[in-house]
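J.: Each chain, written out:
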Amino acid sequence: MKRLTAVVATLFSLAVVFPIAYSISASFFQWADFTAIPARLLPSVPTFDNYRRAFSESNLLVFLSNSLYSALVGTVVRMTISILGAYAFTFFSFKGKNFFFILIVATMLLPPDALILENYTTIRTLRLTDTYLGIISTTLLAPTHLFMLRQYFLTVSREYREAAVLEGCSDSRFLTTLLIPISKAVIITLAIHSFSTIFNDYLWPLLVTNREMMRTVQVGLTMLGFSENLDYGPQFAAITLLMSPILITFIALHKPIQDSVSTRFTGR
Amino acid sequence: MKRLFITLTVCLMALTHLTALAQRESAERDVVTITWWHPNSGIAGKATDVLIDRFNTTIGAEQGIVVRGVYQGKANDVLTKTKAIMQSPITDDLPDLVQLDGAAVLDVRDDKSLITIDRLAQADGYDLSQILEAARLSVTYKQEMIAMPFNSSTILLYYNKSAFDEAGIKAPPRTLDELTSIAVKLKQTDAKGKTVRYGFANVPTTYELMCWLGQQNGLSYLTDEENGHTGVPTRVLFDENGTMVNFLTKWKALYNTGSLENLTSDLNGAFASGRVAMIVASTSNLTTIEQMVGSRFELGVAPFPMVDEQATGGVNVGGGALWVLDNKSGHQRQTWEFVKFLASEQSQLYWHIETGYFPINRNTYELDQFKAHIQQNPRAAVAIDQLLSSNPRLQGIWVPSAYQIYYAFQSGILKMLEEDRGVEETSRAIAREINGYFAEFIRMQQ
Amino acid sequence: MKLRYPQWTKPYLLIAPALALAVLFSYRPFVLTVLNSLYTVSLSGKRITFIGFDNYIRLFANPSFQASLYNTLRFTLFFVPINITICLSAALLSNRPGRLATLNQIFFFLPMAVSLSSSMMILKMMFNPSIGIINQLLHLDVQWFNNRHAAMALLVFAGVGLDIGLNFLLLSAALRNVPTDLLEVARIEGANSVQTFRYLQGPLISSTLLFVVVTNIKDAMLISSPVMILTEGGPFRSTQTLVYQMYLEGFKSGNYAIGSTIATVVFTLTFSILLLLLHLERRRVYYQ
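Protein chains in written order, with our numbering: chain A, 1 to 268; chain B, 1 to 446; chain C, 1 to 288.
Hints in this document: simulated from the structure, not taken from any laboratory.
Small disclaimer: the values here were computed from a predicted structure and weren't measured.
Every residue gets a Cβ at the ideal spot worked out from N, C-alpha and C, and that includes glycine.
Incorrect hints may have been included.
Stated by the list, open to error - Footprint (simulated), chain A over chain C, 3 or more residues, beta carbon under 8 Å:
| id | segment |
| --- | --- |
| 1 | 7-16 |
| 2 | 56-67 |
| 3 | 119-125 |
| 4 | 144-158 |
| 5 | 161-172 |
Isolated chain A, as found in the complex (with noise of 0.2 Å):
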């Protein structure tokens, strides 16, 4: 049974990271090895011109500095925002909680398409379009993060709360020492979901962003595909490199997040 439900397991998760290494390998493709038939799994002989193209086309590493700082700016203020504001409403009882609390966490139900080009006006009225604010301006509210927060803050009693503010303990200090800590996973869990959100955005940096200097890497992508002749293989480097720095990020941090994942808590 262990046995049958290890080999399952491993099965299914190499089909699920099947596309990954698929693309991988075929950023070693010679251009005849796309067109192919039957279609070719592994290079014929493995090339690396096409990251030479994905390099000399395009301005790769400015697109990819542009994507990182933002993402990475992004991602603190997010938190921030949404740590706040997850404390505000597990720790505190106020007028109009209920209230305040359904109007940030509703706003996931707005399509962010449909209002891009009311969102757009206000950045260019704002005067922040060709600006790294601009850029992450609208992925700044993640209410779906605070909404999860609160849950895991939910499952803190109020009464640890209440008796570190009785003992003279301050808010910041009950948030940076006793709060964060214990929900370090969920915090690790979703700060990498924030980043990788703002990294991966393509429509609205598209929007916002004028200056080939300020492209983030998504929008950068695009510009190596002459789609219309099947060249995918720049394509396919430019993909692979975008995602080598998250997937070996994501490998070397699977530890953190199953240390902190298996930080066991009572409650629900």
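For this one, chain A is given, so just place chains B and C on it according to the hints.
T.: Below, chains B and C alone, put in the same frame as chain A:
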């Protein structure tokens, strides 16, 4: 608590700092910078950069003009972006020049930022008759040339010549009747009766119907207002003038032979893999299809098949054009210099050789280099001969809700084939749906 | 300098940034959108005449909208259960000790590392009917982009691919938080794995599961980007979803009033579903 707020303040300050990081490039004195937004990537992107560079080092250097090409994503993204700025109160972020495809005409033609090519040419004494008539009319609205055609293409029949030879077929089909009889001969089934090769694959798109309906009786309009070129169309004409019924009758006959596959995407792949023996596709796909087919079989190209012997109108010009916009910079003269450069015989020759888009400048066709190039590329010659022998007044339709209309055509025709509806009934149903979109558009503008 | 705030202002100050962002980037544009849905709006985005609910009446009579509504509901009905089943199985199957299990877990959340545009580009190539690797490897002859059912299946598959990383992490984290001593007791009592899940793990991860279900329904009702990149609503409108049609009407056809009307309908639909689920959750909590 206090520390929290300080942290928050620091964060917010860091954010305001972010806005300062991206300062606008300060323009050098005495040099005018022209911005051109385009959707050209890959081969076309490289050719674009070369053309910009040629201009900047010659005419640009003499007159103090620097052109900056900005790739703004796919054609749709360029339009989305341009429209978003046009609709906002501040329009000085608009580029001086933007390259948009046919679907954009309705959004841009009435915008107050648009400066028409007619006005620019008149002020400069530029002779617009050097632009190919069919291309010129493809951007003419109410008798005024509103943009400069640039990445222009038409449509061709691509066929598997090796399969033709095996089946003993001597020549590619000229009409839909011939196409049907040839498709039947090309169809192959395996032992289980499953079709392994179809004669032809297509579900007619708006663009293909513009040709197949428009070419009938020398020239037929699909909608009133001359396909929307003299005003906003209010109703379709193809149900009244019988062109749709005539086409659908031929199409249904083709489908009933079982040799037509209803494919809407990946036609190039289906053709290159040998699954389909004939397709129709844009001339801009020529290089791609040549590369994909490789040495698998011999590729042939032929003029787009006519509906019947009376359908002599030929094909129309598709693709994109350059639009000059007023962004309050006052650089229209300099932008116009660059447009003239792009439309010149030499630029058009280079653009054609690199990308396969056909030259829009008539003088290019007289160049020896062009003649030599055409001789070496007989397939490109087929496309150009076809275009030059077409009725230049056969033009694309400019209609609102283009995407809905695209699906109205395809879904209507598919329904007819799969549910065996009558041709008259289908023609009426498609007309009714499209007329509804026209009415909706007019209602919104009042 | 010592900053002093009255105690009661504290929670308000804490939620102020979130609130400000919600108003600026969600509610203000949303109100403008709702307003547009009650007017005729010109190509340049100006509201012209107030027409009440006329846009809504026309919208519901429009065959294209009916198709979008049907497709969106169909997608949600397929996607949510399939996605939850797959993500939960992944979490349950890899919730065991050992190095191999760790490797499985890493593989399950790795898709999170691939951006939406990248993974859609990868899928488009892999599912190419004539030269793609999927048809070749599995000896299939499925016209993924030409067959209405296949295209919908592909979209569901793409949706799972996009969601599996995060869902897996959340569910797996919740499963790991089920106290091991309780699992031990269950094992000693002779409970099989189905019973363990039904009576122990299931209830204990219910709040996470609820969250995952809610976000999945929301994602499914709002799906647009994969449609945009993979199928463009085709073939024959079979994958045209509500938000995609909204994009077509609002951005491509310049019909802002109808685009805004669709946005409002989408909002109302998803909002009611969320309220219903929150209501169910509250009842559950009380009866526990």
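J.: Against this structure, judge whether each hint is valid.
T.: Now for the hints, and whether the structure bears them out:
| no. | hint | result |
| --- | --- | --- |
| 1 | 7-16 | holds (count 6) |
| 2 | 56-67 | violated (count 0) |
| 3 | 119-125 | holds (count 5) |
| 4 | 144-158 | violated (count 0) |
| 5 | 161-172 | holds (count 6) |
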